[in-house]
Each structure stands twice: as structure tokens, then as C-alpha cells.
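Chemist: Chains as they are written, first to last, in this note's numbering: chain A, 1 to 87; chain B, 1 to 87.
Don't read these hints as lab results, they were simulated from the structure. Do not rely on the hints blindly, as some may be mistaken.
Repeated chains share a single entry, so a pair holds when one copy, or any two copies, can fit it.
Below, in silico cross-link-like pairs of lysine-lysine (PhoX-like), each with a Cα-Cα straight-line distance of 20 Å or less [stated by the list, open to error]:
1) Lys-2 / Lys-36
2) Lys-69 / Lys-36
3) Lys-2 / Lys-69
Number of protein chains: 2
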Amino acid sequence: MKNRAYRIAVHIVPRAGLLDPQGNTITGALHSLGFKHVRSVHVGRHIVIETEAPDALQAEASVQQMCEKLLANPVTEDFEITSAVPL
Amino acid sequence: MKNRAYRIAVHIVPRAGLLDPQGNTITGALHSLGFKHVRSVHVGRHIVIETEAPDALQAEASVQQMCEKLLANPVTEDFEITSAVPL
Numbered sequence: 001m002k003n004r005a006y007r008i009a010v011h012i013v014p015r016a017g018l019l020d021p022q023g024n025t026i027t028g029a030l031h032s033l034g035f036k037h038v039r040s041v042h043v044g045r046h047i048v049i050e051t052e053a054p055d056a057l058q059a060e061a062s063v064q065q066m067c068e069k070l071l072a073n074p075v076t077e078d079f080e081i082t083s084a085v086p087l
Numbered sequence: 001m002k003n004r005a006y007r008i009a010v011h012i013v014p015r016a017g018l019l020d021p022q023g024n025t026i027t028g029a030l031h032s033l034g035f036k037h038v039r040s041v042h043v044g045r046h047i048v049i050e051t052e053a054p055d056a057l058q059a060e061a062s063v064q065q066m067c068e069k070l071l072a073n074p075v076t077e078d079f080e081i082t083s084a085v086p087l
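With the sequences and hints as input, model every part of the structure.
Modeler: Put into C-alpha cells, the structure is as follows:
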């Protein structure tokens, strides 16, 4: 079967309830800049992967494996995968 | 007017065409792990902001200002704002 190229975005975020010092720092900086209505900020990673696969489902399954094996820390982070977009 | 709470996500990515050493490193690591079909990886930040505003449009406008003033580097990064979700 011929492979097609797909673009898939992954969001990796600190697990809820864990400390997020980077987010707390940004919250403080925004308050100092006058954005007083900000309640909280959480910082994660936005990773865009272009990969080849026979179809969108297999592309997503492959990215799921990448997250489990390399991209996300299974102890401290959660990830979500957006649906594959053909290129 | 009474304020409501909204959750807004922002994706901040390196501007297209600029070097992305972190993305290149991850691409190489994925190839080493057997994901040979990966073409490219781009790494940005995924920031989730909870803020109060009279309505969704003003919440989004406020986050746009935060990106311009603090969160994104206007020389090297692009950002996109997702629509405000009431909490």
C-alpha cells in the first residue's frame, strides 16, 4: 500500500495537580503587566509531526506510540493527539 | 457587567523557515527508535490560560495582548489562539 504524508499535532501538558512552576511564573508576570483577571496559566508543549503512513488511523496510532516511547513523560505528563491532516 | 471565567489555549510555534534544533533532535531520536517514516518535527509551546472577562470576545482580545506583550517572541515565533471556552 502506498504511503501518504500526514500532519499531526500533539499537546503535552503537566498532569493536573502537579506543580507547574513555569505556569506560576507567567501568571505572576501577567499580573505585573496589568492582566489582573488571569486566574492561572499552564504551560505544555505543542509538537507538530509530519509522518508517512498508509492511512490517517495508522498515522495516529504511530504518533500515539511516539508519545508513549519518547515525547511524553508518563509519570508527570498527559498528552492528546489531534486527528491526522493529509498534506 | 459581571465577569465570567474562560479557558483559552494558545499555540506558540517557531516561525516557518527558522531553525528548530529541538525539533531536529526529536526527529533523529524517533528515527533511531524505528519511526523511519517521520519527515519532520516542530516543537512549540502549548499555553492554557484561565482568565475572567465580560464575554468571550474580550477574553480572546486580552489573550492576544498577552501573547504580543509577553508570551511570544515577535521576531521568531508565531502564535494562534483557540476560541474561549466558558468554565
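Chemist: Does each hint hold? Answer for all of them.
Modeler: Hint by hint, here is what the structure shows:
Taking the shortest alpha-carbon separations for Lys-2 and Lys-36, only the inter-copy value of 15 Å comes in at or below 20 Å, while the best intra-copy value is 54 Å. In the homo-oligomer, the alpha carbons of Lys-69 and Lys-36 lie at most 20 Å apart only across protomers (14 Å), although the nearest pairing inside one protomer, at 40 Å, exceeds that limit. Within a single copy, Lys-2 and Lys-69 get their C-alpha atoms no closer than 26 Å, and across copies no closer than 46 Å, so neither meets the 20 Å cut-off.
Against the hints set out earlier in the document, a violation occurs for number 3 only.
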